[in-house]
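**Student:** Given the structure of chain X, go ahead and fit chains L, P and B onto it with the hints provided.
So the sequence lines, in the order shown, correspond to chains X, L, P and B. Quick note: the first sequence, position 115, residue 1184 per the numbering used here, numbers continuous. Quick note: the second sequence, position 203, residue 1272 per the numbering used here, numbers continuous. Quick note: the third sequence, position 5, residue 1074 per the numbering used here, numbers continuous. Quick note: the fourth sequence, position 169, residue 1238 per the numbering used here, numbers continuous.
Among the clues, some could well be false.
Said to hold, decoys possible - Here are some chain L residues the structure puts well away from chain B; computed CB gaps all over 12 Å:
1. M1070
2. T1073
3. D1102
4. R1133
5. V1135
6. R1153
7. F1172
8. P1195
9. L1224
10. E1248
11. A1274
12. L1286
13. H1289
14. A1293
15. Q1297
What the hints assert, rightly or not - Distance condition first, Cα-Cα at most 27 Å in a straight line; then the derived BS3-like pairs of lysine-lysine:
16. L/K1139 / B/K1283
17. P/K1283 / B/K1139
18. B/K1288 / L/K1139
Derived from the structure by calculation, the hints contain no laboratory data. Treat the numbers as computed from the prediction; the structure is a model and nothing was measured. No residue lacks a Cβ here, since even glycine has one placed at the ideal position from N, Cα and C.
Protein chains: 4
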Amino acid sequence: MLDTLKERVCRANLELLSLGLVTLTWGNASGIDRQRGLVAIKPSGVRYDELSAEQMMVVDLDGRIVEGNKRPSSDMPTHLCLYRHFSAIGGVVHTHSRRATMFAQARREIPCLGTTHADHFRGPVPITRSLSEEEVDEDYEGHTGGVIVERFADLDPATMPAVLVPGHAPFAWGRDVSEAVQNAAALEAVAEMALGTRLIDAQAAELEPYLLEKHFLRKHGPAAYYGQG
Amino acid sequence: MLDTLKERVCRANLELLSLGLVTLTWGNASGIDRQRGLVAIKPSGVRYDELSAEQMMVVDLDGRIVEGNKRPSSDMPTHLCLYRHFSAIGGVVHTHSRRATMFAQARREIPCLGTTHADHFRGPVPITRSLSEEEVDEDYEGHTGGVIVERFADLDPATMPAVLVPGHAPFAWGRDVSEAVQNAAALEAVAEMALGTRLIDAQAAELEPYLLEKHFLRKHGPAAYYGQG
Amino acid sequence: MLDTLKERVCRANLELLSLGLVTLTWGNASGIDRQRGLVAIKPSGVRYDELSAEQMMVVDLDGRIVEGNKRPSSDMPTHLCLYRHFSAIGGVVHTHSRRATMFAQARREIPCLGTTHADHFRGPVPITRSLSEEEVDEDYEGHTGGVIVERFADLDPATMPAVLVPGHAPFAWGRDVSEAVQNAAALEAVAEMALGTRLIDAQAAELEPYLLEKHFLRKHGPAAYYGQG
Amino acid sequence: MLDTLKERVCRANLELLSLGLVTLTWGNASGIDRQRGLVAIKPSGVRYDELSAEQMMVVDLDGRIVEGNKRPSSDMPTHLCLYRHFSAIGGVVHTHSRRATMFAQARREIPCLGTTHADHFRGPVPITRSLSEEEVDEDYEGHTGGVIVERFADLDPATMPAVLVPGHAPFAWGRDVSEAVQNAAALEAVAEMALGTRLIDAQAAELEPYLLEKHFLRKHGPAAYYGQG
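Excised from the complex, chain X in its bound form (with noise of 0.2 Å):
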């Protein structure tokens, strides 16, 4: 049973330790078939040398396990919040990739700097609200995914593909389980020269606004010119 999606995001979280985002196990990717509104998902603390399609967990969109016999991710919750709220997306990724959570524990949006962060990103990465007590006591993944989805209250998660949680790390997504993934290498990408641009200038200015539309128009939208279409 959806045997490609169990195959593809097997791909994507191997991908995460190839490109150097996640450390140990922590990181998950998911990858929804929308048809079904069925969600395939890394089994929780499963090494990555021991990965298969086979036992990546298949789960629907309330957290009822349909196939596999492992635990789910223990992020689920945040990962099925946001296919619920965000009906656009395909595909979730969260890690703690090292530069992208320092901006997340130092409670800081990523400021866009550059065309790097404008190719994939329609202007600062946001950071949500912090959870309260409560918040954490009574599901908690779940709440993550709230703050989120609160937080995109006036953003489009379509042209912003990721945010911070605070004191904890980033979640990316995109329009299936490999661009999610990308996003996640581009985040901790411009996250890393972010951070190096202001120690290098502690005042470095945000990329020009007409240069940050032009650089995500080029990648994105009907006008697109970049890749091959």
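**Tutor:** Okay, now just chains L, P and B, sitting in the frame of chain X:
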């Protein structure tokens, strides 16, 4: 004798290398067989590319060689001191991993700035007091273990599986040698992220205590729900 | 057609990856056959693990496709502008390599702080002026080449084989595409070392002019004595 | 002739690459046969992936080529100067390894902030004076050796096996070329950790002299007890 343990300890030493935690020969891992009271430990100063399970030294808790024809790691007395005083641990790892060592050299504990930290360490990673000239002159490695034990008078090694020795480097441990390696890798990652976080914001706040507890307890203890149980 | 050049350009693109200068698909290399006035360049947005010599696009100096069935790199107009104005260059490389890009984002030239820099670049690596909104709106990539040429009014591309575009990233070149790759790698290294040097001492002085000249000229020009001649 | 030495010197040069100490062709290692007064050294500017033992150049202590048909490393006069004045050394390594070079460019010695440093270097790693314009103009590489020797007037090359040349990069040495490589790797590690330590605390104190001595002497000299003796 102790073939399985020696095999595991050898593999753990090699994992330190593949995880990027050691340079040249600067690191050592050991594991204990509590029933027999015997410890398998890496020989001193041997190149990682020549390491094999047969070379692991077996010693008793007083440091007497029981098996093997090499000199055991010069840090052996520190390992043994930890095994004697922390009865629940089964493996010890010592590295000079770069970011954790930076904090040891700066003589600062590693503050808990995020959930990656809280997933592994229930609070700031502590630092011991400095050794006196007398302690260094007689039984240096034994006293290194002693100041760690002293620092843990009011800490639980089961929930704080690492420590920094000032001007020196970290030690980490776990229920077995494989968990000790994972804790050493987690320590390096959280040290790197703490350093970067404070470069972004020198005043970055420590994690909310309720979030720290939540993350530690979702991975550890009776109510844990991370991993495959 | 141009099989050897396409082979070299393909290999150069792959070298960018193995040298750690590109993430995902963010980079492109091209080479020119001056006799025929034809340029071989990477297709746009193609994954490096799927790249082959046959895929290289061949275009003339006005950007007309002469061979190949893909879209050429979106940065092609910048490459072509450089080939038209810098008659001695045979290869061009564009990357978003992280440390060079940090300087571009901080909108600072890279000061010459050591002999590694002087071995490759005869003075600080310059930065162009910013593009105006009009320049970005019409023929963005062409104008990017234009501001580079403008910046080199009193610089020699043969002795200064790289430039930073503010808010964007570096371009590098060389007598052939292989030398362009080496200059891109040198640029990244000197950017990293300049950043680190100024972290150690924010006032670190630039290299003595006589040492700069000595190092540049022992590797370049008629009296060079580095390498196999 | 000198086949074993050439083999060792070749392997040492390749180890510089695998240890991450060189970029492109920026590094060279040599070894001496003291009985014959002959030195095997890397040829100048040759790619590491084309290096073989047969290519190693053999020269006498005055730089006359005894065997080989390439140009020896342009830094050869510095190597030879060190061999002539430091009679106990058997190998020399020159790299532009990034963190050690940052200190050379900042024109600062590397302070001894921890036991990793003390395990290899008995005190701060010194920096030479700058070369004058005259010294650079005539016999630059020979004078580079000269200022190193001058700096070591009151230092022992056996206990301080590395030095920084301001605005340039480090040199390291050892009893043989393999130990020289290890010292170059240790130097890079302690430079990285010194930089990071001072980022955490700009006032971080140097290691207690008694701890420095303890660590140096447990690895070196008659009472050493690290390694297999």
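**Student:** Does each hint hold? Answer for all of them.
**Tutor:** Hints, one by one, checked against the model:
| no. | hint | verdict |
| --- | --- | --- |
| 1 | M1070 | 21 Å, holds |
| 2 | T1073 | 25 Å, holds |
| 3 | D1102 | 25 Å, holds |
| 4 | R1133 | 16 Å, holds |
| 5 | V1135 | 18 Å, holds |
| 6 | R1153 | 22 Å, holds |
| 7 | F1172 | 6 Å, violated |
| 8 | P1195 | 16 Å, holds |
| 9 | L1224 | 22 Å, holds |
| 10 | E1248 | 25 Å, holds |
| 11 | A1274 | 17 Å, holds |
| 12 | L1286 | 29 Å, holds |
| 13 | H1289 | 28 Å, holds |
| 14 | A1293 | 32 Å, holds |
| 15 | Q1297 | 36 Å, holds |
| 16 | L/K1139 / B/K1283 | 22 Å, holds |
| 17 | P/K1283 / B/K1139 | 22 Å, holds |
| 18 | B/K1288 / L/K1139 | 16 Å, holds |
The structure does not agree with numbered hint 7 stated previously, though it agrees with all others.
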